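Visitor: Following the hints, put chain B in place on chain A, whose structure we already have.
Chains as they are written, first to last, in our numbering: chain A, 338 to 969; chain B, 800 to 1035.
These are calculated hints, taken from the structure and not from any lab test.
The model shown is predicted, which means the values in this text are computed figures rather than measured ones.
Misleading hints may appear alongside valid ones.
[As the list claims (entries may be wrong)] To list a few chain B residues with every Cβ distance to chain A over 12 Å, as calculated: (1) S807; (2) E825; (3) E830; (4) R859; (5) P884; (6) R888; (7) M928; (8) G938; (9) L958; (10) A967; (11) Q972; (12) N994; (13) I1013; (14) A1016; (15) A1018; (16) E1024.
[What the hints assert, rightly or not] Derived coverage of chain B by chain A (criterion: at least 3 residues anywhere in the stretch with Cβ under 8 Å from a Cβ of chain A; other residues may be distant): (17) 835–847; (18) 889–895; (19) 899–911; (20) 945–953.
For glycine and all other residues, C-beta sits at the position ideal for the given N, C-alpha and C.
Residues per chain are reported as follows:
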Amino acid sequence: MWEITTQVLTGLASASNLFLVACGLTLIFGVTRVVNFAHGSIYMLGAYAMVTFVSPMREYLGPTLGFWAAVAASVIFAAVVAALIEVVLLRRLYRSNHLFQLLATFGVVLIVQDLVILVWGADDILGPRAPGLTGFVSLGEHRFPAYSIFMIAVGPVVFLALWLILHRTRWGTLIRAASQDKEMVGLLGARDKLLMTSVLALGGALAGLAGALQIPMQPANAFMDVSIITEAFVITVIGGMGSMTGAFLAAILVGLIQALGIQLFPKSTLVLVFLVMAIVLVIRPWGLLGRPEVEAGGAMGEPPERILSPNTTRFALAALAIFLLLAPQFMSEYHVGLLIEVLLMSLFAFSLNFILGNGGLVSFGHAAYFGLGAYGAALAVYHWRWPMEAALVLGPLVAAAGALVFGWFVLRLAGVYAAMLTLAIAQILWSLAFQWNEFSGGDNGVNGIWPSAWAQSRVVFYYVVLLLSVAAIGALWRATKAPLGYTLRAGRDSPRRCEAIGINLLTHRWAGFVLAGAAAGLSGALFAFSKGTVDTHVLSVHMTVDSLVMVLIGGVNAITGPLMGGTIYPLLKAYIMPLTDAWRMFLGAVILLTVLLFPQGLAGFLSKFSRRFNSSTEPTSVSLRVASERGQ
Amino acid sequence: MKPMLSVSELNAWYGQAQVLFGIDLEVQQGEIVVLLGRNGVGKTTTLKSVVNLLAKATGRIEFQGRSIRDLAPSSIARLGLGYVPEDRRIFTDLTVMENLEVGRQAPRANTPHWTVDRLFDLFPNLARMRDRSGGHMSGGEQQMLSIARTLMGNPSTVLLDEPSEGLAPVIVQQMVEVLKELKRQGLTVLLSEQNLSFAKAISDRAYVIEKGQIRFAGALTELLENEEIRRAYLAV
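If we strip away everything but chain B, and leave its shape as in the complex, we get:
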């Protein structure tokens, strides 16, 4: 079966400094795949390269069998590849409803169709603060809103950059439930994480990155058994 998203031979630079060295990865339809690694190893850079946010990158990036390497970020989003940035990037002047409105796109075939009401079912907290401005929300609420906003575009695949970062344990638990529900809806997800127990709760497969290179690829169960890899690349 053709993968939903495939990245091959991806190199990326910040200015003169190369930070990614030949990254290869694939995500099949309906899968939840996690990119694991410590701070600064290139997880965020990998996701940013996929949606063409980096000034300098080379390699092949295909979404649904089609090269998206030279498309503008907005065109990539319109193909159904959503992106939730690490720093959430909520429009703080806009209300919750307005933030969702900015993300709204027409429904597309074969992907779950999200409405504001369905999203409020998924994120009950947000339903209670429809008219609150984005600047007056907690970090967890902003994270929920950021995901909900991207879902308003009815994507088939979502890139999630460290969704559990900086969240209280109880909110992380909610996030796990949300991701499970998204999987049930048939969404494909590629997320980056440092939190192994969070990844364990939801992911099918994992890639471990270290210094801009993939050091492990395989099922999550395999990774959990592989003490050596975990100690080398994940333990703090």
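Okay, chain A solo, but in the shape it has when bound:
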């Protein structure tokens, strides 16, 4: 009996902390319609600010006053940073597509991670315990920390305070009005820009408070941002994006599931949380208390015009084919390895863009299918001694099966909810791989995944990769020109009209999703054999971001965009990463610059560039040709 009580109380304590983070996130989403990844970074900065401020403040103000003063200082610090991010970045993204927003705010996450390591080092930093709350409360033979009792109270108190702000002040009334119709609030003369900034500051303050209050229980570390933001996303999705009360209920639900589920599934409570989220979304696609999204994200923009004439294209393709076929004859083994990476990443990016640019489906978890393919192949070799040939078949099949199951859930949702669910799915798989030591090798992954004897040489393996990846890219390319591809594009441009003329869009999207998943799985399986090892990185959010960055650099709307991105990105990584300790900061900056300055990617940029230079040629015939090709 006391056992259960203790578990419930533990769950409620963690629910409080989760609520503090999630309510800021949901508030910010409500008003700005931006899903803010950087919210987790603010939480982390709150924690680091706390461990930094608390020592000097305790010295000057004594242990009790100093502790609480440090909490207040951390809250203010977090609010200021969040407001700065709004003014510098978010403000420019309000009209962008959800995916660009997610990616850009993830760029901030990367930059902050490196900054934190630069400033505070990579080691965990322990803070002091809260004065007066260091003792325990006895519950039967169990002892429960007094600080956790305090934490249990924090959630409802903050909830009540927020409710009063939102319903009893002019500021709160404006926030609620703006959540519904931001533009109208501006038309009535309220200072809408300032309102946005203030909401970010409020959300940041809450995240900072959560981070600071976490310090007496857990040390500050440079990874707390991504883990908390995933949980906060899950909570806001369960509760309904933009709903404060929903976030409160969902936080309690998730906190309790985690605390009680640890006895049922000690390995992965996240799996249980995911199941609850999936059930909630099947019953209520907009979360417990959310409302359907009216607007369908921002535009991805117009597809760029074709740059090369058909003849030039044929010539370029032939040159490329000759280069790829002969490359191992004049390249070092290292460079052949690099070329393998380029091929695999091109396939990975191409498979993502098949559903993203071509199908208009928002995916923020493509690593799931890459990772399923990689683990599928690697585990078959590791556990059952399968040969490479069989494992290369199994990998894509596992990924396709994953896409089949997850697609069923994801494709029923739209916009931001779909993006959140794809992210959650990838995170669940990641945590499974991370925690299921006996099967997946946990953090160390599985080693010794080498090609069969005949393909051991780098050059031979290169040709295997060349054959399979070109075949897969070719198949997907063909599919974009087939009825399936047309249907996906039609569904992207006007889902309602599609349904009206009798197309079963869901089935087509499902097929596209599975196809893309299989292709990503093939790229993952080949990746496993090229490295000889697989670890949790292949399922991580970083892998997802890699795939999105490649598509983004190349250009979302161009069919060749992901291939350009898939070529440039691994090369950038190979040549720049060794030069710097701050690769993540560099990557974050690349993401921000691309989103803000070249949202159409390299393909869009080149097309604009060539149009400027070729203005003497007949632009009408070019655009007509493009139009007829697109519309045939």
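Guide: This is chain B only, laid out in the frame that chain A set:
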């Protein structure tokens, strides 16, 4: 006398399609001017362009002698130019009182100063539903609330987009009384309408728009006498 609001050479586009072609119009202080025309001729687009809601528009727009072409909608509102959108855009989660609160701005010199109580005198229906949420009101009530909400900003000039649209005749009659009262208070009004008899009851001057161009400008009495214009551009 310098006009309160003047628009000249206004062109506007939705994407690639141009919808306004060189619109010129003026509203003097204290006047009620009506933009008449059938559905889809550019009345709403003209009003939206004035408060800078359109992504692509060119031309000169001056309010009280000052160019407002590059100001944000909120800054335009703060100069005293209020806007009541066609679709009312009531905050449905908020109560009547809260909707009014969102519109509240500090009083300014030389314009009527509206308080909640004065607005409830003008719109007695609203007074009976202070705490009702905007989502639970009829179309006519929402229209009244939308106007009252804009008046809370104490504007000197109001743009009204089709205030009589979709309203029952008895409510339209109330709307006429409200507009007459606003004129008595010295407010300047530019409204768009399809309903000629409604326009006749309140307006001083009229502009007739067809396919994004002004086809007639003059006193309303003149328009009523001009059978040809009325048949060409207004009759359904």
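Visitor: Are the hints correct? Go through all of them and say.
Guide: Here's how the hints hold up against the structure:
Every CB of chain A lies more than 12 Å from the CB of S807/B, the least distance being 23 Å, so the non-interface label holds. Listed as a non-interface residue, E825/B keeps its Cβ farther than 12 Å from every Cβ of chain A; the least gap is roughly 23 Å. Here E830/B stays apart from chain A, with its beta-carbon at least about 22 Å from theirs, past the 12 Å limit. Remark: the non-interface label on R859/B is consistent with the geometry, its nearest Cβ contact in chain A lying 21 Å away (cut-off 12 Å).
Distance check on P884/B: its Cβ comes as close as 7 Å (rounded) to a Cβ of chain A, failing to clear the 12 Å threshold; non-interface status is violated. Non-interface call for R888/B relative to chain A: violated, since the shortest CB-CB distance, roughly 5 Å, does not exceed 12 Å. A cut-off of 12 Å between C-beta atoms confirms that M928/B is not in contact with chain A; the least separation is 17 Å. Every CB of chain A lies more than 12 Å from the CB of G938/B, the least distance being 17 Å, so the non-interface label holds.
Separation of L958/B from chain A is inadequate, the least Cβ-Cβ distance of about 10 Å not exceeding the 12 Å criterion. Once the 12 Å rule is applied to beta carbons, A967/B is consistent with being away from chain A; the minimum gap is 25 Å. With a least CB separation of 27 Å from chain A, Q972/B remains clear of the 12 Å interface cut-off, as annotated. At roughly 24 Å, the least C-beta separation between N994/B and chain A is larger than 12 Å, which holds for a residue marked as non-interface.
With a cut of 12 Å on Cβ distances, I1013/B stays outside the contact zone with chain A, its closest approach being about 25 Å. At roughly 27 Å, the least C-beta separation between A1016/B and chain A is larger than 12 Å, which holds for a residue marked as non-interface. Taking the minimum C-beta to C-beta distance to chain A, about 31 Å, the non-interface status of A1018/B holds against the 12 Å cut. For E1024/B, the requirement that its beta carbon stay farther than 12 Å from each beta carbon of chain A is met, with the minimum near 37 Å.
Counting residues of the region 835–847 of chain B whose beta carbon lies closer than 8 Å to any beta carbon of chain A gives 0, which falls short of the minimum of three for the stated coverage. With a cut-off of 8 Å between beta carbons, the region 889–895 of chain B has 4 residues touching chain A; three or more are needed, and the interface restraint holds. Figure legend: the region 899–911 of chain B, annotated as covered by chain A; annotation consistent (5 residues with Cβ-Cβ distances under 8 Å, at least 3 required). For a cut-off of 8 Å, the count of residues in the region 945–953 of chain B with a CB near a CB of chain A stands at 4, and the three-residue condition holds.
In terms of the numbered hints stated before, the structure departs from hints 5, 6, 9 and 17, listed from lowest to highest.
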